[in-house]
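In the order they appear, the protein sequences are chains A and B.
If you read the first sequence in full-length UniProt numbering, its first letter stands for residue 1, the second for the next number, and so on.
If you read the second sequence in full-length UniProt numbering, its first letter stands for residue 1, the second for the next number, and so on.
It is worth saying that the hints were derived from the structure and are not from the lab.
The structure presented is a predicted model; accordingly, all values stated were derived computationally and were not measured.
Short derived list, chain A residues pointing at chain B, Cβ under 7 Å:
id, residue
1, Arg212
2, Thr215
3, Asn219
The beta carbon of each residue, even a glycine, is placed where N, CA and C say it ideally should be.
2 protein chains.
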Amino acid sequence: MRFTSEQHLDDGVHERRFSLGEIPGILWTPGSASAPAPLILLGHPGGLRRMHPRLAARARHSAAEGFAAATIELPGSGDRPRSAAAEEARADLRRALEAGEPVDDEIVDRLVLPLVEEAVPEWRATLDALLLLPEIGGPVGYAGGVISIGIRLAVVEPRISAALLFAGSFVPRTLFEEARQVNIPLQVLLQWDDEGNDRQMALELFDAFGTREKTLHANMGGHTGVPEFEGDDGNRFFARHLK
Amino acid sequence: MRFTSEQHLDDGVHERRFSLGEIPGILWTPGSASAPAPLILLGHPGGLRRMHPRLAARARHSAAEGFAAATIELPGSGDRPRSAAAEEARADLRRALEAGEPVDDEIVDRLVLPLVEEAVPEWRATLDALLLLPEIGGPVGYAGGVISIGIRLAVVEPRISAALLFAGSFVPRTLFEEARQVNIPLQVLLQWDDEGNDRQMALELFDAFGTREKTLHANMGGHTGVPEFEGDDGNRFFARHLK
Numbered sequence: 001m002r003f004t005s006e007q008h009l010d011d012g013v014h015e016r017r018f019s020l021g022e023i024p025g026i027l028w029t030p031g032s033a034s035a036p037a038p039l040i041l042l043g044h045p046g047g048l049r050r051m052h053p054r055l056a057a058r059a060r061h062s063a064a065e066g067f068a069a070a071t072i073e074l075p076g077s078g079d080r081p082r083s084a085a086a087e088e089a090r091a092d093l094r095r096a097l098e099a100g101e102p103v104d105d106e107i108v109d110r111l112v113l114p115l116v117e118e119a120v121p122e123w124r125a126t127l128d129a130l131l132l133l134p135e136i137g138g139p140v141g142y143a144g145g146v147i148s149i150g151i152r153l154a155v156v157e158p159r160i161s162a163a164l165l166f167a168g169s170f171v172p173r174t175l176f177e178e179a180r181q182v183n184i185p186l187q188v189l190l191q192w193d194d195e196g197n198d199r200q201m202a203l204e205l206f207d208a209f210g211t212r213e214k215t216l217h218a219n220m221g222g223h224t225g226v227p228e229f230e231g232d233d234g235n236r237f238f239a240r241h242l243k
Numbered sequence: 001m002r003f004t005s006e007q008h009l010d011d012g013v014h015e016r017r018f019s020l021g022e023i024p025g026i027l028w029t030p031g032s033a034s035a036p037a038p039l040i041l042l043g044h045p046g047g048l049r050r051m052h053p054r055l056a057a058r059a060r061h062s063a064a065e066g067f068a069a070a071t072i073e074l075p076g077s078g079d080r081p082r083s084a085a086a087e088e089a090r091a092d093l094r095r096a097l098e099a100g101e102p103v104d105d106e107i108v109d110r111l112v113l114p115l116v117e118e119a120v121p122e123w124r125a126t127l128d129a130l131l132l133l134p135e136i137g138g139p140v141g142y143a144g145g146v147i148s149i150g151i152r153l154a155v156v157e158p159r160i161s162a163a164l165l166f167a168g169s170f171v172p173r174t175l176f177e178e179a180r181q182v183n184i185p186l187q188v189l190l191q192w193d194d195e196g197n198d199r200q201m202a203l204e205l206f207d208a209f210g211t212r213e214k215t216l217h218a219n220m221g222g223h224t225g226v227p228e229f230e231g232d233d234g235n236r237f238f239a240r241h242l243k
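All chains should be built: construct the whole structure from the sequences, respecting the hints.
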């Protein structure tokens, strides 16, 4: 892991960009940490440049409660090389949506499964590197989107102790099965009117999670309309489980 | 309104029993209030004696955040005179449930509608009386069960500014219609595994509420298994809207 730039934000948060091999990422650490900070991995749908303002806002909100936060670019997004197969699956998905047709499970599998297969080891390698830093320590949480990646990480990565997942559509059936194996505390955010999101499927997925300690927070509005108070709720969720 | 007994609890909370005509009730006020306290009306399924420990715990939790809380006995519950029609409807409901039959809308209407018709004016009269007390003032919230009563109150009582409703079954169809007229902030608690509770109906009711400012919190477990942290979440919900 190589730090490529750093910046001290006005709230004292330290924002550092890094590269882990070919993977670009960002690490935010609280300004006033006396002990190693628990870490929250921030998931997102890809495209770090576009996502940066929202991710930085979440990271700074978490830093105010003493958490470090980190994110990496997804395979095939941002400046990372595209995969022809993923681009083809994305085009097939777009065609189905534009035609108003139901999206075939086979398209979802082609789009999401390779992404999960590739992204999860990258998140784990990032975690290996981050946990070597003296300012990072203790339990780890995962917060954010691409819920399929969150599910797989929660199942395979024992260092992740709690996850705050954003409900999203296009979850392969096999990930529903894996969801039954998730046994860490979960908070699931659902935007009730999210047009790009199948509400019934999101409720079924919430039902499928194997953990007994799961809470669903549903709010009105579309994909990007999560109310501000959910940021505080998220901090308290992680404070309960990571501190 | 006549106070019939009073007690200072060890956290400084002042618990007073009262009668409003034939209706028994309880008022809890915070020990250290300097200004008139915002008020939370605590709904419950009836039977103040049985419900007292849970209600008192909720009231004390709210008092710690500066809220007063009050509750009254429901018509036909506790020591209040029974209604023959309500008892008959309750017996019909029990028969249907024991026989594993679907519960007829007609039974639900006979059971719940007269209760709503009678209880809501009693709650409003209680509110009239409570708001005359110098220690009570400012905005009012409703928190608790018999969701049908909460819906009607939210629609007809302009002094109620926010409601925290516990999802429950046996909501008459006409109350679904009234739910569309609710335009105050809502937080709805749903126990996902509540055997006495139709989850799909609860989700439909949440969808029906007319307000844009509504949040659903679903947790695992049965009817009485609401996690402790929801008490804090409820306080914060009311702090956002009543302070």
